[in-house]
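On the provided structure of chain B, position chain H as indicated by the hints.
Number of protein chains: 2
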Amino acid sequence: MQIKKIGEFGLINRLQQRTNLSDPSIVQGIGDDCAVINISKDRLLLATCDVLLEGVHFNLRHTDSYHLGKKALAVNLSDIAAMGGVPRFYLSSLGLPPHLRLSWVDNLYKGMKTLAKENGVSLIGGNISSSRIIFIDITVLGEIKPREIVYRYGACTGDAIFVTGTLGDSALGLAALRSRKKIKDPLALRRLTKKHLSPSPRLREGRFIAANRFATAMIDISDGLIADLRHILKNSCQGAEIWVDAIPFSPEVIRYSPLYRMNPADLALAGGEDYELLFTVPRKKLNQLLHLSKEFSFSLTMIGKITGERGKIRLRKTGGEPLRMQKEGFRHF
Amino acid sequence: MQIKKIGEFGLINRLQQRTNLSDPSIVQGIGDDCAVINISKDRLLLATCDVLLEGVHFNLRHTDSYHLGKKALAVNLSDIAAMGGVPRFYLSSLGLPPHLRLSWVDNLYKGMKTLAKENGVSLIGGNISSSRIIFIDITVLGEIKPREIVYRYGACTGDAIFVTGTLGDSALGLAALRSRKKIKDPLALRRLTKKHLSPSPRLREGRFIAANRFATAMIDISDGLIADLRHILKNSCQGAEIWVDAIPFSPEVIRYSPLYRMNPADLALAGGEDYELLFTVPRKKLNQLLHLSKEFSFSLTMIGKITGERGKIRLRKTGGEPLRMQKEGFRHF
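Keeping their order, the protein sequence lines are chains B and H.
Residue 317 in the working numbering sits at position 141 of the first sequence; the count goes up by one each step and never skips.
Residue 306 in the working numbering sits at position 130 of the second sequence; the count goes up by one each step and never skips.
Isolated chain B, as found in the complex (with noise of 0.2 Å):
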């Protein structure tokens, strides 16, 4: 049998089942955004590790390596945030043809120092091969305290489900890169292919989530809504009713994705690569969520609820009619 026939989650799902957890200090292993290791009382290790890959996660007519470089950071710093993580240091592995030119790999770090400083994190390792097509691999390690992780299981039924920011730019930004049919308003298709070329990680949502306790289960939207969400219900044993009336769209999204025959809400559902935060909250700590995100200005929406029917995910408008699903996020295989 080939893998492409089992794909990307069943390989995962047969690795984890495989695995032997036998330390105690291994609090989450494979199954989560990041590796979760108990290295002292007061503080957890978090540590994930994601590729960019030439030709598969990204195109160099569509790039320049600064944005990459930016990117392929930010993809794991993404991680981070989702379990309401501090991101501390970093690891980079690459992968280079001879021919490139030295200004593009300097440019190349400049995306991932000015990323890194931003957001607190060092170079501390890593190491560079020569390779016919280029790839840029990162782990992040980071930390955080025992009582503010969020997994991505333990939603309960009735927790409300919340998303941040706005969902579809990334795929319709993609979308125009590849296509022909350009938007002719500069702003708007800088703004879409920003989204995609270069997103930025959640940290702070992620840090205020889990300081505040608000989230009973959280993850980074990075293979569309519906997938993504998948993983929460299957780790908490839930099903899910899904508003699509009430998810946030940029009007960049509601614009332009008629013009490469797009819906915004297939574009969210199965688009992918929105690297916003997928968090469910339990009622109680409704209000003091909607109130204090206002307070710091965080752009959190309600977009549907926990329910009880194991595996289910309804789709429904406001009120109105169940609607039918057509594709669920992006696979590798």
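It is worth saying that the hints were derived from the structure and are not from the lab.
Remember, predicted model here, so these are calculated numbers, not experimental data.
One or more hints might be untrue.
If several chains are the same, the list does not tell them apart, and a pair holds so long as it fits within one copy or across any two.
[Stated by the list, open to error] Here are the simulated DSSO-like pairs of lysine-lysine, each with C-alpha atoms no more than 27 Å apart in a straight line:
id : residue 1 : residue 2
1  : Lys181    : Lys460
2  : Lys321    : Lys217
3  : Lys286    : Lys180
4  : Lys493    : Lys286
5  : Lys357    : Lys180
6  : Lys289    : Lys181
Just chain H now, kept in the frame of chain B:
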């Protein structure tokens, strides 16, 4: 300018100079076998990452996936050994072509897991991407007590230079795999190719050296004796004298290197991928080291001494003429 002009170490130096290590918990950033982080009063965290890349580090005609998995972890464990540390956890980032057989991937993991289990290391996370070429990028986290750690710096004039095991086997094993001329003794062939395809990280030796505080400086030999010795010399502001006829060779290297028009000394000096430890020992600790290493049956050999001639490596036959070097070891780009 293309990156191949400044090379792997040029790129690393460039990067090291531009890295801003303002975080006080970073004990050692880029520039040693592992990064070292202060996580508590009595423990340092070690972090290292290294990749094996199809067509650069391995050839699928020479290795099966079980041994490839083992080696991918081994080269990282070797970096932990080179600090004297205890490896604890690893993350694996895999790039796999979709048409790959599932059994191939299962065996890759089996190889990693076997070596991991032998050394008490647990898989805690990672990611899998579809990729045209296979890569296995592993990050290992380890730990060590602050008083035990050994860096690349610290070697003093007069210190003895030691290596573990024998040198040159891996490079000759690779030559045997690549050549049409075959060694007829199957046991000898297997011993040599095993050293290349499935090296054993010298974790026990590293711990022995570190726990007894025998070494002033240490590194693992991945790029060849000379290239890796240069790292110790550069970081310690020293020179060295190497006694070529004291270098330890296996019977297989002595017997079969002429078949491939090689000689044992060149294989050891510039061959690379031995994953043995190279370390320096003050004169006053020599007796204790030799006594204890015999008791524990460690194979350690004195091959030279540190001199004050900064940056200079002299090759000598014991009591004989200085020799000239041919090559200095493997470099990317």
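For each hint, the structure was consulted:
{"no.": "1", "hint": "Lys181 - Lys460", "in the structure": "neither (44 Å within a copy, 62 Å between copies)"}
{"no.": "2", "hint": "Lys321 - Lys217", "in the structure": "both (9 Å within a copy, 18 Å between copies)"}
{"no.": "3", "hint": "Lys286 - Lys180", "in the structure": "between (36 Å within a copy, 20 Å between copies)"}
{"no.": "4", "hint": "Lys493 - Lys286", "in the structure": "neither (45 Å within a copy, 48 Å between copies)"}
{"no.": "5", "hint": "Lys357 - Lys180", "in the structure": "neither (32 Å within a copy, 39 Å between copies)"}
{"no.": "6", "hint": "Lys289 - Lys181", "in the structure": "between (39 Å within a copy, 24 Å between copies)"}
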